[in-house]
Amino acid sequence: MNRRGALTVLAFLAAGVLAGVFAVNYLHSSPAPTGSPTSAEASPVVDINLTTVAAIGTLRPADDHPNWVGYFPTTYFKVPPNATVHMTIDQQDGASGLRNEYLGLVRGTVDNSMTVYTSDPSSAGATGKTMQAIDPTTAAHTFSVPELGVSVPLPGVDPNNPKNTDNFVVFSFKVPASGIFHWQCFVPCGAGTLYGNGGPMQTLGYMDGQIEVGS
Amino acid sequence: MTSMAVTRPPRRLSETLAQWGLVLGVVGAVAGFFVGAFIGRLLVAADANSNGSNAELIIAYAGSAIGFLAGMGFFNYPLARLIGLPRPTEADEAFLYGEEGGWRRFFRLNVDHKVIGMQYVVVIIAFLFIGGLGAMFIRAELLQPQPSFASAESYLTLVGLHSVIMIFMASAAIIGPFGNYFVPIMIGARGMAFPRLEALTFWLLPPAALILLSSTFVGGFPTGWTGYAPLADEAVRGMDAYLVAFTLIGLSICLSGLNMVATVIARRAPGLRMTQLPVFVWGVFVTSWLGLLAAPVLACVLFMEILDRIGRATFFVPAGGGTPYLWENLFWVFGHPEVYIFIVPAFGLIMEMIPVFARKPLWGYRVAVGGMIGVGILSWFVWQHHLFVSGIAPSLRPFYMFSTEAISVPTSVVYLVAIGTLWRSRARFTVPMLFVMGFLFNFLIGGFSGVFLSDVPSDFALHSSYFVQAHFHYTIMGAEVFALIGAITFWLPRMTGHVLNERLGRIQFWWMFITFNGTFLSLLAVGMLGMTRRVVSYDPNWQGLNISASLFAFGLGASMLFFLVILIKDTLIAPVRARVVNVWESLGHEWQLPQPIPVHNFAILPTGWGLPYDYDRDERRTAVPGGGMALPEGVIE
Amino acid sequence: MSATRRLAYTLGAIWVVLLVIGSVLIAVLPMPPGTSSNVAGSITDTTRLLAWAAWPVFTLTILATIGAVMLHSRAPDAPPASARELRGNARMASAWIGVTAAVVLALAIIGTITLNNDSVAETLGLGGRATGSGVTGGHAEEGPPLEVQVIAQQWQFTYRYPSLGGIESPHLVLPVNTSVTFHITSLDVVHSFWLISLGVKADAVPLHDNVFYATTQLTGTYRVECGELCGLWHGSMSDNSAQVLSASDFTAWGQQQTALDAPIMKFLPPYSHTYEPAPGAYGS
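As given, the protein sequences belong to chains A, B and C, one line each in that order.
With the first letter of the first sequence counted as 1, position 37 gets the number 36 in numbering that gives the first Met the number 0; the numbers rise by one all the way through.
With the first letter of the second sequence counted as 1, position 54 gets the number 53 in numbering that gives the first Met the number 0; the numbers rise by one all the way through.
With the first letter of the third sequence counted as 1, position 208 gets the number 207 in numbering that gives the first Met the number 0; the numbers rise by one all the way through.
Keep in mind that a hint or two might mislead.
Lysine to any residue pairs mimicking SDA-like chemistry, simulated, CA-CA at most 20 Å apart [claimed, not checked]:
no.: 1; chain 1: C; residue 1: K265; chain 2: A; residue 2: T136
no.: 2; chain 1: A; residue 1: K77; chain 2: B; residue 2: Q145
no.: 3; chain 1: B; residue 1: K568; chain 2: A; residue 2: K128
no.: 4; chain 1: B; residue 1: K568; chain 2: A; residue 2: E211
no.: 5; chain 1: C; residue 1: K265; chain 2: A; residue 2: E100
no.: 6; chain 1: A; residue 1: K162; chain 2: A; residue 2: E100
no.: 7; chain 1: A; residue 1: K173; chain 2: C; residue 2: S240
no.: 8; chain 1: B; residue 1: K568; chain 2: A; residue 2: G4
no.: 9; chain 1: A; residue 1: K77; chain 2: A; residue 2: E100
no.: 10; chain 1: A; residue 1: K173; chain 2: C; residue 2: A89
no.: 11; chain 1: B; residue 1: K568; chain 2: A; residue 2: Q91
no.: 12; chain 1: A; residue 1: K77; chain 2: B; residue 2: F148
no.: 13; chain 1: C; residue 1: K265; chain 2: C; residue 2: S168
no.: 14; chain 1: A; residue 1: K162; chain 2: A; residue 2: V109
no.: 15; chain 1: A; residue 1: K128; chain 2: A; residue 2: T114
no.: 16; chain 1: A; residue 1: K173; chain 2: C; residue 2: S93
no.: 17; chain 1: B; residue 1: K568; chain 2: A; residue 2: L6
no.: 18; chain 1: B; residue 1: K568; chain 2: A; residue 2: R3
no.: 19; chain 1: B; residue 1: K568; chain 2: A; residue 2: T7
no.: 20; chain 1: C; residue 1: K265; chain 2: A; residue 2: M130
no.: 21; chain 1: A; residue 1: K173; chain 2: A; residue 2: Y75
no.: 22; chain 1: A; residue 1: K173; chain 2: A; residue 2: V44
no.: 23; chain 1: B; residue 1: K568; chain 2: A; residue 2: D119
no.: 24; chain 1: B; residue 1: K568; chain 2: A; residue 2: A5
no.: 25; chain 1: A; residue 1: K173; chain 2: A; residue 2: D46
no.: 26; chain 1: A; residue 1: K173; chain 2: A; residue 2: V212
No wet-lab data here; the hints were simulated from the structure.
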């Protein structure tokens with residue numbers, strides 16, 4: 000093979016490898032999942048603590064979209080098979096209302112209910128209110144896993160009550176033996192986008208995530 | 000103006016700038032991007048996208064395209080005319096046509112239609128392989144019924160990039176390389192009607208592709224190639240890349256159509272009547288009308304979407320007074336003629352190749368031309384078959400059902416002509432002919448699968464399923480790309496003087512043919528079962544068929560790489576030169592010119608040309624015992 | 000017998016064999032979507048009819064191409080083409096175009112009539128194919144219809160039952176042997192409601208009400224998919240647990256769902272065929 004031939008082959012190989020590496024890198028860009036079992040029995044219990052904020056930049060200053068609404072620290076969870084996920088969501092955002100009012104119903108959780116606290120539920124003396132539905136116009140977000148039938152509306156903080164800075168929403172749900180399930184928010188909360196449905200509503204890591212069941 | 004050597008004066012500034020046009024173009028693109036972004040920021044404040052508004056990005060992209068073209072030197076001539084500078088000298092013109100020769104003339108603004116044809120060949124192959132890489136990742140991801148290595152978000156962008164880049168490729172795959180290269184020669188012209196415009200149609204492709212691919216840096220786009228609104232209104236800024244890139248391609252399709260139509264009408268050799276044009280020229284001519292008339296609709300609907308995104312014009316948002324049906328209708332008014340922009344030149348191409356290898360005159364020239372014109376006209380009246388389940392007025396549907404079924408009549412003429420020409424022929428199954436046969440078989444499946452989609456109730460079960468996906472891959476990949484590879488093999492000896500290895504070509508054909516059918520028969524089946532297109536998760540019951548499709552698809556990808564290896568080996572690494580120019584002993588006009596073809600093709604315009612299919616009067620054929628044709632040794636087995 | 004003639008007979012025989020095998024296979028193979036509803040049945044019948052019409056033409060075209068090619072290699076004694084066969088043959092061409100046009104015209108006429116008139120469709124064995132006036136698919140049958148609203152949004156379908164007090168459910172549940180009227184709408188972008196085995200598919204378009212009639216015929220569990228690309232979780236907008244139940248099971252399910260929905264009922268908007276977004280939700 001002559002010099003020109005070798006160079007040609009090299010150039011094509013380099014272009015191919017570059018394109019391949021770029022593509023693989025682009026496609027495989029999901030962040031590391033969170034979630035660790037607190038008890039390793041046959042039906043383990045996993046605690047997941049999340050925070051929702053109106054602008055993710057207040058918690059993650061280096062974010063690509065600091066003014067987007069989002070769940071913190073991550074929207075990727077990995078949980079063991081048949082686990083019971085015990086979720087505590089520190090909801091700090093204001094209400095923007097559900098598009099489909101039916102999703103104001105708490106579904107698919109243990110007892111089809113959730114408990115809402117206005118102060119940290121782990122602190123002494125915190126008392127919560129058990130709810131089976133909320134007024135859809137007061138919803139700030141939902142935590143919904145359609146494939147598992149789970150949907151929990153998160154009440155927004157009261158704009159007329161400066162003391163109400165956080166709503167802690169506590170609920171549990173069970174996952175099956177295997178699978179990858181998407182979860183999302185159903186409140187059109189992407190402020191500034193068309194009917195609130197764009198931006199963070201359409202992008203992984205803000206109002207969309209995945210629950211991967213596996214050991 | 001002829002092939003007479005030009006004594007070159009020392010290089011002038013304008014020539015040096017042109018030589019470095021590509022570099023200047025990149026500089027211009029970067030500068031244009033920032034100027035555009037600046038203007039965009041002045042016009043519209045940053046919105047919810049937090050790192051810039053849609054207006055900013057769209058104007059920046061448009062600025063980069065304009066900057067690129069300016070750097071390439073596209074505006075020099077019109078601006079010079081505008082401010083009254085002297086007309087270009089003969090030396091300027093000679094340089095513009097690349098009369099100095101050498102490889103560098105392929106990498107700058109050059110208005111020689113043959114150089115542009117070669118540039119198209121390379122870029123079309125590049126698009127084919129970039130899109131093909133996307134296809135491989137899609138099939139790899141679909142080995143699993145759940146997201147594995149790609150996320151749901153990047154998968155949608157992957158599907159979108161694969162489809163749009165392949166649409167870019169398919170829109171120009173045959174008309175770009177071979178239309179530009181051979182139509183002027185086949186009609187006995189010295190060039191196209193508007194040579195500078197011709198160069199522009201080509202140089203719009205690279206910025207369009209780069210802008211499209213840059214979508215991955217700004218969030219990708221979720222809509223696939225159809226860009227349905229209002230999803231496109233909601234999408235992140237990657238959507239802007241789709242809109243600008245597709246607009247550039249629309250401009251290219253439209254201008255290319257305009258140029259071809261003008262060329263065929265106005266620049267035919269003296270005395271050459273329309274009824275004496277080679278059938279390939281007719282294919283290109285019909286296609287060019289479609290492009291000229293359909294692409295403006297695309298540009299218009301994309302501009303409406305741009306207004307929706309930057310100014311909330313709500314053309315497509317129901318609560319704002321618009322309607323998604325507006326997008327669906329306008330898009331498919333373009334979109335359905337568009338698929339005939341893909342396939343009609345391929346019709347012309349295979350009907351051009353069959354007589355050469357059958358050693359028989361083309362059977363039914365008038366029927367062939369009439370068939371293509373019929374397809375071209377009917378293609379305007381079928382678009383609502385894309386909307387059978389959308390909720391359009393049901394009373395409209397019988398008409399579109401009928402027109403869609405009716406288009407199979409002019410289409411079937413291709414088979415009539417092929418069978419008629421092959422009938423009692425002395426056909427030689429060289430590699431291009433194998434690809435013609437592959438085309439006929441694949442397009443038959445493509446066409447018959449279309450029948451099930453044309454009838455309203457059966458479309459309820461198949462619309463938007465993998466059946467549709469397999470159907471249009473049969474027509475685009477199975478027919479158009481097969482025709483493209485056949486045409487590269489067929490015309491390469493004429494274009495560069497190289498001959499591709501016959502034995503490897505045969506292996507490559509069968510490899511590609513079998514894996515192609517394996518892939519898309521699996522997908523036809525999984526579509527009938529109910530799998531929707533563009534999904535990253537699917538019913539695990541369908542995993543078997545998906546694995547089958549994926550494995551065949553990897554084989555298909557490998558066969559395409561094998562073609563690239565043959566092409567590079569025989570042209571660049573170990574070049575195989577044709578011993579004679581006319582390796583296939585074609586009677587086509589394009590084969591009768593010297594090698595290399597002079598810059599302006601003909602010193603004296605030809606006269607007395609007729610249809611180039613008189614193989615029954617070919618003396619060489621009758622001179623060989625048994626009626627076969629004698630071909631140069633080592634070229635045909 | 001000349002080699003040419005022998006070849007022609009051989010290919011003809013192959014064609015007849017292929018025709019018989021193919022037609023039988025089309026008749027006996029299970030053809031999706033099946034018989035779970037009257038619409039599905041008519042789709043299956045239509046698909047079969049088209050397959051029967053297409054198969055002979057498909058095989059004939061392939062065999063004719065093969066035959067045209069083989070005529071030379073198989074029969075070296077074949078006479079060279081006569082002038083008639085060289086540059087075209089107006090009679091042959093018009094025959095081809097005439098026959099294809101007649102087939103197409105016949106398909107289109109049958110298609111159009113059966114699309115508009117159910118009694119003709121039933122006479123031709125294509126019952127259920129007809130579309131009632133103004134609807135996307137199917138036509139209402141005798142008996143009281145059950146109205147079910149399909150509400151699509153990114154990325155889930157919910158179903159509303161006005162006859163059950165306007166309750167809503169995340170899963171589709173239908174009674175068997177019932178004429179169902181689907182009213183399909185969307186709250187955001189274009190989706191497509193696809194109930195695969197029942198042959199129901201209609202786009203869900205915001206502020207637009209698409210109507211589709213289907214009569215359920217078999218109980219079972221079915222799959223729902225979204226048929227139009229609608230964004231991030233388009234691929235996950237499926238549900239494997241749509242059910243067609245017996246009448247008594249459906250009544251029981253209705254009571255159960257009413258109880259489940261009780262906490263939200265007072266917040267649901269009145270039943271309507273489309274739902275406007277709240278004013279001010281437009282985004283800046």
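What hint numbers does the structure not satisfy? Violated hints (numbers, rising): 3, 4, 6, 9, 10, 11, 14, 16 and 23; every other hint is consistent with the structure.
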